[in-house]
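Trainee: Chain by chain, the residues:
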Amino acid sequence: MSERNRLRSIGAIAMLNGFVPIRRQPLYLLNILAAPLSFLFFISIASQNALLAYAIGGGMILTMLSIGTSLQSDLTHYRQDLKFQDVLVASPVEAPVYVAGMALSELVYSTPGLLVFVFLWGAGGWANVESAFTLLGVLLLVWAFASALAFTLATYFEDVRESFIFSPLISIGLSVLPPVYYPITYIPEQFRFLAYLAPTTYAAILIHATVGGPVPSLSFGAVCWGVLIAFTAGLFLLAGFKARWRDP
Amino acid sequence: MEPALRAVHLSKRYPRAPPGVAALDDVSLDIPMGKIYGLIGRNGAGKTTFVRIGATQLLPSSGEFRVFGLDVRTDTQSIRRRVAAIPQESRPLYFLSVFELIYYYLKLRGHDRLEARRRTNDVLAELSLEPLKDQLVNRLSGGMRRRAMVAMVLASDAEILFLDEPTTGLDPLARREVWEAILRTVREKRTVLLTTHYLDEAEALSARLALLEEGHVRLEGTPEEIRERVGLPYRLTVQGPFQEEDLHPFGKVSRIEGGFLVFAREKEARELARQGLERGARISLAPVRLEDIFLQVVGRSIEEDAPLAEAA
Numbered sequence: 211m212s213e214r215n216r217l218r219s220i221g222a223i224a225m226l227n228g229f230v231p232i233r234r235q236p237l238y239l240l241n242i243l244a245a246p247l248s249f250l251f252f253i254s255i256a257s258q259n260a261l262l263a264y265a266i267g268g269g270m271i272l273t274m275l276s277i278g279t280s281l282q283s284d285l286t287h288y289r290q291d292l293k294f295q296d297v298l299v300a301s302p303v304e305a306p307v308y309v310a311g312m313a314l315s316e317l318v319y320s321t322p323g324l325l326v327f328v329f330l331w332g333a334g335g336w337a338n339v340e341s342a343f344t345l346l347g348v349l350l351l352v353w354a355f356a357s358a359l360a361f362t363l364a365t366y367f368e369d370v371r372e373s374f375i376f377s378p379l380i381s382i383g384l385s386v387l388p389p390v391y392y393p394i395t396y397i398p399e400q401f402r403f404l405a406y407l408a409p410t411t412y413a414a415i416l417i418h419a420t421v422g423g424p425v426p427s428l429s430f431g432a433v434c435w436g437v438l439i440a441f442t443a444g445l446f447l448l449a450g451f452k453a454r455w456r457d458p
Numbered sequence: 021m022e023p024a025l026r027a028v029h030l031s032k033r034y035p036r037a038p039p040g041v042a043a044l045d046d047v048s049l050d051i052p053m054g055k056i057y058g059l060i061g062r063n064g065a066g067k068t069t070f071v072r073i074g075a076t077q078l079l080p081s082s083g084e085f086r087v088f089g090l091d092v093r094t095d096t097q098s099i100r101r102r103v104a105a106i107p108q109e110s111r112p113l114y115f116l117s118v119f120e121l122i123y124y125y126l127k128l129r130g131h132d133r134l135e136a137r138r139r140t141n142d143v144l145a146e147l148s149l150e151p152l153k154d155q156l157v158n159r160l161s162g163g164m165r166r167r168a169m170v171a172m173v174l175a176s177d178a179e180i181l182f183l184d185e186p187t188t189g190l191d192p193l194a195r196r197e198v199w200e201a202i203l204r205t206v207r208e209k210r211t212v213l214l215t216t217h218y219l220d221e222a223e224a225l226s227a228r229l230a231l232l233e234e235g236h237v238r239l240e241g242t243p244e245e246i247r248e249r250v251g252l253p254y255r256l257t258v259q260g261p262f263q264e265e266d267l268h269p270f271g272k273v274s275r276i277e278g279g280f281l282v283f284a285r286e287k288e289a290r291e292l293a294r295q296g297l298e299r300g301a302r303i304s305l306a307p308v309r310l311e312d313i314f315l316q317v318v319g320r321s322i323e324e325d326a327p328l329a330e331a332a
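So the protein sequences, as listed, match chains A and B.
Under the numbering used here, the first residue of the first sequence carries the number 211, and numbering increases by one thereafter.
Under the numbering used here, the first residue of the second sequence carries the number 21, and numbering increases by one thereafter.
Honestly, the hints are just simulated from the structure, not real lab data.
Since the model is a prediction, treat every value here as computed from it, not as a measurement.
Careful, some of the hints might be misleading.
Said to hold, decoys possible - The calculated label-pair distances, taken between Cβ atoms and stated as ranges, are:
no.: 1; chain 1: B; residue 1: Ser48; chain 2: A; residue 2: Gly383; range: 47 to 57 angstroms
no.: 2; chain 1: A; residue 1: Gly332; chain 2: B; residue 2: Ala37; range: 55 to 65 angstroms
no.: 3; chain 1: A; residue 1: Ile439; chain 2: B; residue 2: Gly89; range: 56 to 66 angstroms
no.: 4; chain 1: B; residue 1: Thr94; chain 2: A; residue 2: Phe229; range: 54 to 64 angstroms
no.: 5; chain 1: A; residue 1: Gly332; chain 2: B; residue 2: Arg204; range: 54 to 64 angstroms
In this text, a Cβ means the ideal position worked out from N, Cα and C, and glycines have one as well.
Looking at chain B on its own, in the form it has when it is part of the complex (with noise of 0.2 angstroms):
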């Protein structure tokens, strides 16, 4: 089956950054059909490149990127009938109802009085935004906000939606929301392409990830293939008996508050469980969260900026 999005040796360098460097660098990707697809990395990393090369508002610099295998540089009406996206830090016109946002938006995609609003008033329905339809963006919740946002490019006929960032500055509960709009995606075979600096996000919603780092994609696949592809697979949280010079043989050990995390391999996970239930200790096994993958990955946190390159 043919990828949605394919990337080949794709590169892209802003004209007015600094000589050498790259937002993207030699990266290629193949996006499944009809799954969500998470991006993650630091700010800066080029997650923000990669999806406005797709979604046809930035010009790769080289390298090829096609959507439904039609070429982003040559067939791009043909791929703008079939995209939708949210860029990152985009905001609703404030001066228009919750309605209005999404029926305006789905009239000037093409669709018909009648066609524009049923399809706006199935979204509001299935969101739960409807007690909110008459209500102006610009007194919503940041959180609502991003909502309607969502709402507008689900309500439209688009094949593939470019979700950047689409939680950001949020809080939890509003996340939440946000995420439960983009899942309904899954139903309808779309293919969502979601960059997020939010990795638990990334994990609740994402069929497959790429980790960019960069301008490079550091790891790709679904969080399990990502999780097995790490050296140390399982994390530990001992308390207890145990001593930091105890933990080392069993893997890399750093010190949280009141005891120890550990990374470590299957058979080191295994033996450390057993040895610490002989000894009275707590120990919590499980496997290692994204988080811990990109810091094993990178070396740094994510909440890190990367350095400049996306300059745009």
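Bound conformation, chain A alone (with noise of 0.2 angstroms):
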């Protein structure tokens, strides 16, 4: 497939399960707004808007974590009900256009979110273009780890309930507990090493930082970003290696 045909595919994706959706059924958006809303509500009304700012950035992250567990239903309810994977596979699309077709669609889905979130930001007065380029690029890495691990996932899950058991596990487990949400510093000194477990604390430190929490040192704003492209390629890795396109 020539790289002109590839990106004819991952638009034709976006386009059939993102925009066409929508258009019949707009209140898809809604619900994808509802999660981060949520939190951000919550939040700032029990910390009567002390950490407004992390409640920002941390909507921020869970909207892109959310195309995630989105994409890994889709996914393995196409593929399992539909059989519109093996429909796929006997065709030209290769894996990774699929992937980066449905991811782009999810991200379609999420574009209020962000911007209503992007908005906030600027309304907080926070935005500059070394805050933009932060956010965009954090951003940018989490939607595309998250796609990863879900594309890795879904390709071997046999009912779409199963997807249903894992999506809020991850959600948990990369953006409820870990500090997306609040200060680092609130986690106990004896327990914050598991924080740094999840790949999105050090995206939630970078993001914080764009939205008036504490900056961080250069050389530890570098570990941060070095971490999450670290750990955005070994999905990627993972994906490539264990992700089954064609059954064995």
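Could you fit the two chains together into a complex? Lean on the hints.
Mentor: Here is the structure:
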């Protein structure tokens, strides 16, 4: 498949799984908005706005992670119930093209949510070029590793209900328990190492700095970027070697 | 002429199948270019496994499978450019219209917007789906949905189409609609590998057939060759003054409502027909149907499921 055809395929998948269903049923968008905005609401109320900046940064991360959980369900449903993956396997479409298109389609659903958070980020007076690049880079990496993880898992599930088991666990493990919605200093020092096991902790440290949170030192910032990039690359490798495009 | 598909000593054992149970066991088949080739057999006979290996959806355990001379293990991408498949029990993405289903499939395969649109409109017109083009597929009948899926692969530029039980669960009218769509491929000189457990379907559509049973090829050839190869190629229904024991010398006799069914060789069939006329019996003589052959070869009806092997 030529590069041009690959892009065409990615665009077609994004259209058929993103824009077309949204055009038919715009309420899908509210569904994706619900979780991060609820967190934003509760954390703002409970902290009397003290953690508003963390809630905005965390909301952005959760929005990108929720792409992964939606993707996982969609991919499992399409593979097991509709046999859509098999239709594509027997065609020029390659696995990375399929995943990229599907991940892009899920991004379409998340765009309104992200826009709300970007608006709040701008309204908070934190917007500048450096922060914008940091936000963009971190959110793209979270989107990429969430998608790679979703694809790998989805090719192993034999029923869409299995994905319902894993999605909340992944959400809790990557966005609720780690210090995504709150400062890492809230975790007792002896347990803080656990937080550093989650890649989203590093994403949150970088994003919190763009919404008025503490700015990490240059070297620790570099470590955060390094961990995120390495984790994303690792999940891509895992997807490349372990995801089942053709059945064994 | 090189066959479109060639399987040589092909075997498949699923990782989780019981030891010694193979979905395909030493299958060798040549499937000619430009024809509809039918794979028939009971559920679990190995048809889907064969199709999935050919469509590069499943790896074989041993043996060789070539598509246009290309190895399914190593030349996967080259093969995938030239094939299209409708898997067993597949369903269209329910939120798409019939037009969108076909159009986006073509875009996915790399066709540009204009070409995809042209091909979609052509296939909709040819399969009389034009009035339904804006209908959501989840509002269509089962037959129409399958027809839309067949239209989807027909609209592609694939040279080989793998259709795995494309009419299962459809009513007779809907099946005919899908048949018409499949027969279109003959005019285009494309190769179709069709699996079915409807023997009338296999006979109506296929230029050649293979009968699979428990992972083995039991018969292969044109429908006529297969008929000739079975021991008793004629079926006679006999209503009238004959007793069952009168008919035994002519062939294999079974009792049916209102009379007897006799499978016989040509000489005995002619003799029975002659005697029947003399004795005032109502006799109809016809070549055996594929269903009868299946019963003769396998010893069971095609409606019975085979023991589990196709565990994927």
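Trainee: Work down the list of hints and note, for each, if the structure agrees.
Mentor: Each hint, compared with the structure:
Our hint of 47 to 57 angstroms for Ser48 (chain B) and Gly383 (chain A) holds, since their Cβ atoms are close to 51 angstroms apart. For Gly332 (chain A) and Ala37 (chain B), the Cβ-Cβ distance of about 59 angstroms falls inside the hinted range of 55 to 65 angstroms, so the restraint holds. Taking 56 to 66 angstroms as the suggested C-beta distance range, the pair Ile439 (chain A) and Gly89 (chain B) does not conform, at roughly 43 angstroms. Thr94 (chain B) and Phe229 (chain A) have their C-beta atoms about 38 angstroms apart, which leaves the hinted 54 to 64 angstroms range violated.
For the pair Gly332 (chain A) and Arg204 (chain B), the supplied restraint of 54 to 64 angstroms holds, since their beta-carbon distance comes to about 57 angstroms.
Checked against the numbered hints given earlier, the structure breaks hints 3 and 4 and satisfies all the rest.
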